[in-house]
Each structure stands twice: as structure tokens, then as C-alpha cells.
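K.L.:
Listed here are the chains, written in short residue letters.
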Amino acid sequence: MIRKSWWKLFAFILLMYTCSMGFLVKIPQQLPGVPLFHSIRNVFFHVPMWFAMMIFFTVSLIYAIKYLIKPSTKHDIYSAIYAKTGVLFGVLGIITGAIWANFQWGAYWSGDPKQNGAAVALLIYFAYFILRGSLTDEEKKARVGAVYNIFAFFMLFPTLWILPRMVESLHPGGQGGSGGNPALNGGDMSAEMRMVFWPAVIGFTLLGVWMSTLYIRFQILKDKKLNYG
Amino acid sequence: MGRIKLIASLCIILFSCYVVNAQELITEESRKAARNEQSIYIVMAVVLTLMLGIFLYLFNLDKKLSKLEKEG
Numbered sequence: 016m017i018r019k020s021w022w023k024l025f026a027f028i029l030l031m032y033t034c035s036m037g038f039l040v041k042i043p044q045q046l047p048g049v050p051l052f053h054s055i056r057n058v059f060f061h062v063p064m065w066f067a068m069m070i071f072f073t074v075s076l077i078y079a080i081k082y083l084i085k086p087s088t089k090h091d092i093y094s095a096i097y098a099k100t101g102v103l104f105g106v107l108g109i110i111t112g113a114i115w116a117n118f119q120w121g122a123y124w125s126g127d128p129k130q131n132g133a134a135v136a137l138l139i140y141f142a143y144f145i146l147r148g149s150l151t152d153e154e155k156k157a158r159v160g161a162v163y164n165i166f167a168f169f170m171l172f173p174t175l176w177i178l179p180r181m182v183e184s185l186h187p188g189g190q191g192g193s194g195g196n197p198a199l200n201g202g203d204m205s206a207e208m209r210m211v212f213w214p215a216v217i218g219f220t221l222l223g224v225w226m227s228t229l230y231i232r233f234q235i236l237k238d239k240k241l242n243y244g
Numbered sequence: 020m021g022r023i024k025l026i027a028s029l030c031i032i033l034f035s036c037y038v039v040n041a042q043e044l045i046t047e048e049s050r051k052a053a054r055n056e057q058s059i060y061i062v063m064a065v066v067l068t069l070m071l072g073i074f075l076y077l078f079n080l081d082k083k084l085s086k087l088e089k090e091g
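Protein chains in written order, with my numbering: chain R, 16 to 244; chain S, 20 to 91.
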């Protein structure tokens, strides 16, 4: 049987709910700002990618700090793989955002501050894997990787959370520099939409956690085989 | 008896042809509108199928890993 399966079933149910209600839920006809029509439904799929990415990068950071406090291979594996899943979700977020932007803003990439910031943040995480890959000594790889991981995480503050808020953005809430959240405003969604949006965030995050745990278990098995096999 | 049945069924077939034709003539525009409305459900079905496939894959992979962990 699969291990500790209740939350995996929960993820399945949440995502089946998201993928059906995401298409069925009534959307408000009069949205503030530019009319989005049915493309507003993307909010159930595109935005959870970023929520999940930030959660995975946070988990990765926690394990990096844990490694530096008490070095163990397990902590290093957890840290590296959660960063990997975070990057996967970030890349998916960028691609889905570009598809949506092409329809809504007229171009796949229009140099929106949030787009550029997300791209820079992801490039910094790409460098994390290049750094790890370039070191052959396992202990050094883990230690240098953990230190760089902390740096990469704190680069998310300017690139994703501060700079896009200081300038005008095409993202909702970014017009006129009113200082809102240039990605998501509580008031932008109707109550019905929020009933789909938050389950979507939890569902996609749990899916990512599941994928990460599978990868981690594979990595641990592989290490075991290398050490004793 | 058999002949009456045959004629009746022929009549039904012919009549049903008229019904179908009439429906097509009257509701060509509304049929298009209905198809337009329904098209989102096709996308929904596709996405649900994808999700189902991904989850089946993950469940299987999880099972296989558990088996390996037990052996090792």
C-alpha cells in the first residue's frame, strides 16, 4: 500500500474539485478594470503555482538552515528536492502566465515588473543547481548549497514581493501605484470564486508535496544503494 | 398484423426524419449557441482526464517505491 495516503487522497479530491468547479463556477460579469471574460478562470490554475512555489522554497530554506545547524544527508536531500519542485512550479507559473498574458495583454512577455521579477528569482534558483552540480565533494556540496539556498530565498523578497509593488504593473492591483498586492487582491474575486481558489491552492501544494516526497524517497534509496550496494 | 406493424414503423421513421429536419431548420442558430456554451465542458472533461492520469501515475509510483523500501 502507499504510505500515509489520506492527504494524497485529499489532494486528489481537491484537484478534481478545482478542475471541475474551475470551469463551472459562475464568474462575475462586471469585474473591475479590464474585462477578463472566461480567462479569469486561469486564476484557479496560474496563481496556485506561485503559492505552491513560495511554500516549497520556504520548506527548502528550513531544511537548509537545519542542515547548517546539524549536518545530515537527509536534510540536504529535502532541501535540494523541495527547491527543485519549487522551480518546477515557478516555471509552470511563468509559462501559464505567458499564455494568459498573450491573450490579455497582447504579448507573451511584456516586461511587466512581476514577470521580470519572477524570471530573476527563478534564474537565481537555477544557479543553485548549477552550483551544486559543480561540486563533487558531497559534504561541500551540501554546505555551500545550504548557504546559497538562504541567499536565494532572501532574493525572493526584492524580486517578487517588494520591487513589483513599487512600480506600476499590468497585474491586478498594480495600476496607479495604489500599493495593493500586484498579483492578487481579496476584493478581485467573488465569494464563489474564492471557494474554488483556496482549495486549488491547497490541492496544488499537496500535489507538489507528494511529488517531492516521492523524489526524496527515490534519492534516499539511491544513496543507500551507493553506500552499501 | 405484420403488415400494419411494418407500415407503422415506416411511418415513424419517416415522421422522425421530419422532426429531425424541422429541428435543424428552426434551431440552427440556437444550436450553434448551445454548442458554444457546451464547449467549455469538453475542456473540463479533458482537464479532468489529465488530472486522473497524473494521479494514477503518482499512485502507482508511490506503490512501487514502498515495495522497494520494504525490500531494501
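Think of the hints as simulated: they come from the structure by calculation, not from any bench.
Any given hint could turn out to be false.
Okay, the calculated beta carbon distance ranges per label pair [claimed, not checked]:
no.	chain 1	residue 1	chain 2	residue 2	range
1	R	T111	S	S58	17 to 25 Å
2	S	T68	R	L236	30 to 38 Å
3	S	A64	R	A134	15 to 23 Å
4	S	T68	R	Q44	28 to 36 Å
5	R	W22	S	A53	35 to 43 Å
To give an idea of the chain S side of the interface with chain R (calculated C-beta under 10 Å), a few residues [what the hints assert, rightly or not]:
no.	residue
6	V66
7	L67
8	L84
Using 30 Å as the maximum straight-line C-alpha spacing, the simulated BS3-like pairs for lysine-lysine come out as follows [stated by the list, open to error]:
no.	chain 1	residue 1	chain 2	residue 2
9	S	K86	R	K23
10	R	K155	R	K99
11	S	K82	R	K237
12	S	K82	R	K239
13	R	K23	S	K83
14	S	K83	R	K89
15	R	K89	S	K51
16	R	K239	R	K99
17	R	K41	R	K85
18	R	K19	S	K83
19	S	K89	R	K81
20	S	K89	R	K41
21	S	K86	R	K237
22	R	K23	S	K51
23	R	K89	R	K41
24	S	K51	R	K19
25	S	K83	R	K240
26	S	K24	R	K89
27	R	K239	S	K89
28	R	K99	S	K86
29	R	K23	S	K89
30	R	K237	R	K89
31	S	K51	R	K240
32	R	K237	R	K155
33	R	K99	S	K89
34	R	K99	S	K82
35	R	K99	S	K51
36	R	K239	S	K86
All figures in this text were calculated on a predicted structure; none of them were measured in a lab.
Ideal Cβ placement from N, Cα and C applies to all residues, glycine included.
K.L.:
With reference to the structure, classify each hint as holding or not holding.
P.N.:
Results of checking the hints against the structure:
1. R:T111 - S:S58: 17 to 25 Å: holds (20 Å)
2. S:T68 - R:L236: 30 to 38 Å: Because 31 Å falls inside the window, the suggested range holds.
3. S:A64 - R:A134: 15 to 23 Å: violated (34 Å)
4. S:T68 - R:Q44: 28 to 36 Å: holds (30 Å)
5. R:W22 - S:A53: 35 to 43 Å: holds (40 Å)
6. V66: holds (5 Å)
7. L67: holds (5 Å)
8. L84: holds (5 Å)
9. S:K86 - R:K23: Holds. S:K86 to R:K23 sits at ~18 Å (cutoff 30 Å).
10. R:K155 - R:K99: Holds, because 19 Å separates the two Cα atoms, which is no more than 30 Å.
11. S:K82 - R:K237: Holds, at about 17 Å.
12. S:K82 - R:K239: The given pair, whose Cα atoms are some 19 Å apart, holds under the 30 Å limit.
13. R:K23 - S:K83: holds (16 Å)
14. S:K83 - R:K89: holds (21 Å)
15. R:K89 - S:K51: Roughly 59 Å between the alpha carbons, so the hint for R:K89 and S:K51 is violated.
16. R:K239 - R:K99: Holds, at about 21 Å.
17. R:K41 - R:K85: Judged against 30 Å, a Cα distance of about 51 Å means the pair is violated.
18. R:K19 - S:K83: At roughly 14 Å apart (the allowed maximum being 30 Å), S:K83 and R:K19 satisfy the hint.
19. S:K89 - R:K81: holds (28 Å)
20. S:K89 - R:K41: violated (48 Å)
21. S:K86 - R:K237: holds (14 Å)
22. R:K23 - S:K51: violated (41 Å)
23. R:K89 - R:K41: violated (46 Å)
24. S:K51 - R:K19: violated (49 Å)
25. S:K83 - R:K240: holds (16 Å)
26. S:K24 - R:K89: violated (80 Å)
27. R:K239 - S:K89: holds (13 Å)
28. R:K99 - S:K86: holds (25 Å)
29. R:K23 - S:K89: holds (20 Å)
30. R:K237 - R:K89: Between R:K237 and R:K89 the Cα gap is close to 12 Å, so the pair holds against 30 Å.
31. S:K51 - R:K240: violated (61 Å)
32. R:K237 - R:K155: holds (19 Å)
33. R:K99 - S:K89: Roughly 26 Å separates the two Cα atoms, so the pair holds.
34. R:K99 - S:K82: The hint holds at about 22 Å.
35. R:K99 - S:K51: This hinted pair is violated, its Cα atoms lying about 46 Å apart.
36. R:K239 - S:K86: holds (15 Å)
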